[in-house]
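In the order they appear, the protein sequences are chains Y and P. At position 60 of the first sequence (counting the first as 1) the number is 60 in the numbering used here, and the numbers step up by one without a gap. To convert, count from 1 in the second sequence and add 224; that's the numbering used here.
Because the hints were derived from the structure by calculation, they are not lab data. Owing to the predicted nature of the structure, the values given are computational and were not obtained by experimental measurement. Just so you know, even glycine gets a beta-carbon here, dropped at the ideal spot from N, CA and C. Be aware that a few hints might be false.
Stated by the list, open to error - Ranges of calculated distance between the beta carbons of each label pair, as one might list FRET restraints:
#1 Ala503/P <-> Lys211/Y: 53 to 61 angstroms
#2 Ser488/P <-> Asp4/Y: 42 to 50 angstroms
#3 Glu463/P <-> Asp4/Y: 25 to 33 angstroms
#4 Thr87/Y <-> Lys289/P: 17 to 25 angstroms
#5 Ser231/P <-> Lys200/Y: 42 to 50 angstroms
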Amino acid sequence: MAKDYSVFDIVGPNMIGPSSSHTAGAARLGKAASKIAGQPVKEVKFLLHGSFAETYKGHGTDKALVGGILGFQPDDARIRNSFDIATESGIKFEFIKTDLGENEHPNSVKMEMTLADGSKSTVRGASIGGGNIKLTEIDGLGLDFNGSRPAVILEIKDIPGAVSFVTGLLAHNNKNIATMSTNSPVGSDYTFVTIETDEKLEADILDQLKKFEVVAKAVVLDKF
Amino acid sequence: MKFNFTSGAELLEKCKKYEMSMHEICLEREAELSGLSKEEVREKMRVSLNIMKSSTERATKEDIKSVGGLIGGEAKKLTTFRNNGKSVCGTLMNKALVAAMGTMEVNASMGLIVAAPTAGSCGILPAAVVTIGKEYGLNDEDMIDALFAASAIGAIITRNATVAGAEGGCQAETGAAAAMAAAGVVEMMGGTVEQALHAASHCLQNVMGLVCDPIAGLVEAPCQGRNAIGVANALISAELCLAGILNIIPFDETVDAMYKVGKSLPMELRETALGGIAATCTGCSLTTKIFG
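Bound-form chain Y, shown alone:
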């Protein structure tokens, strides 16, 4: 459906060049991954696919991805020096050209992160043009999240009624659910839930969600 674009989608984003898809989009992907990780990243492997694999150096896609992992926005001038900043912070990073499959978007990256507590987290996504991105996988679970709305992404115990704790809490906070999808892998004790809301989600909602025993992992994402 044709979209009514904001003037800041047209005159914008404000960004470090040279490419909205290969630089600004890459920074957003890295930032989304670090936010999902929820704790400092110690090590990250970037598996680059398609056009990302072919032209990442010339577009600064590599620096933008590392900048994103450091939490930088697409308009943060520190992106240029992100390698040095990451190294000074003791973060290891590596770029590997790969083939994620023929159906994968040409500007895709899979980020394999080792976190401060030694645990691992994987985020896969694509830069789909004009600096816009979508996430296609978190920790082995497929999803299709384009950041057009604020969202909460959860891993919750696969028991009857678990989802109602979450939806109830959102209702209590006056947050209207726009879309909701659940994905429960065969043999797993956990369900993966993506909920998009109409309203912005404040940080304290994350704290409230984490208090529920059924919630194993929760991430609150703002619009991209």
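Following the hints, complete the assembly by docking chain P onto the known chain Y.
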């Protein structure tokens, strides 16, 4: 939404109905769309204007080297040439070219720019608005108005066609940027909404069919030169319309034609670096040199 518009015709109709200019309608629409106050929306645009101003000037003060090494130093060369007093295009056009090419130098060196509508066409709108604004002693508020008028044109092209080189070729990127810039300049110089829409039509028609063929896939060459011709396109089109020379084909039909032409371009000529200038013998050897 009271102030929403989905075409040039609808934009013109709302401007007449509410007795507003293009930039006023666009500001009202953004406030409606975002839920922010008009003042807050203007403040956000002020941030964009300040980044634009800085990106048009940086390359004249610093030595900038692009990531791929294909461009750098053009803004300084043009300035030196102008100062020698033998400008072929005249002082004002030379200044606009400096701003457009310089902004592309900043972009290609991983500097801060505003994509308008894309990073590959980011030199055109700031070069047109800031150069003309300075020349006529206009203030920041006038230039912010021009950016809102430009956004209205960009929103319509993005909605009804495309601004992605991968989808519509360079005509969709630097053509759209010129259309936006021309409309902004027309309103900033006191022209009517009709004149602004016609100026946008001129721009798109002037580069209809222009292909996207970046050497080595980088946003450097021939992108930078097309930003120079893009700002010239914008200023020429604004000049024509302000002089009363309107376009024969309405803006919406022109946008539709541009989209159809873009879709009929072969894949090699839409940002894949497989055709056009990118596929020349020299283009290919540069690719090997840069990426090994």
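Do the hints match the structure? See the list:
no.	hint	in the structure
1	Ala503/P <-> Lys211/Y: 53 to 61 angstroms	59 angstroms, holds
2	Ser488/P <-> Asp4/Y: 42 to 50 angstroms	27 angstroms, violated
3	Glu463/P <-> Asp4/Y: 25 to 33 angstroms	32 angstroms, holds
4	Thr87/Y <-> Lys289/P: 17 to 25 angstroms	22 angstroms, holds
5	Ser231/P <-> Lys200/Y: 42 to 50 angstroms	31 angstroms, violated
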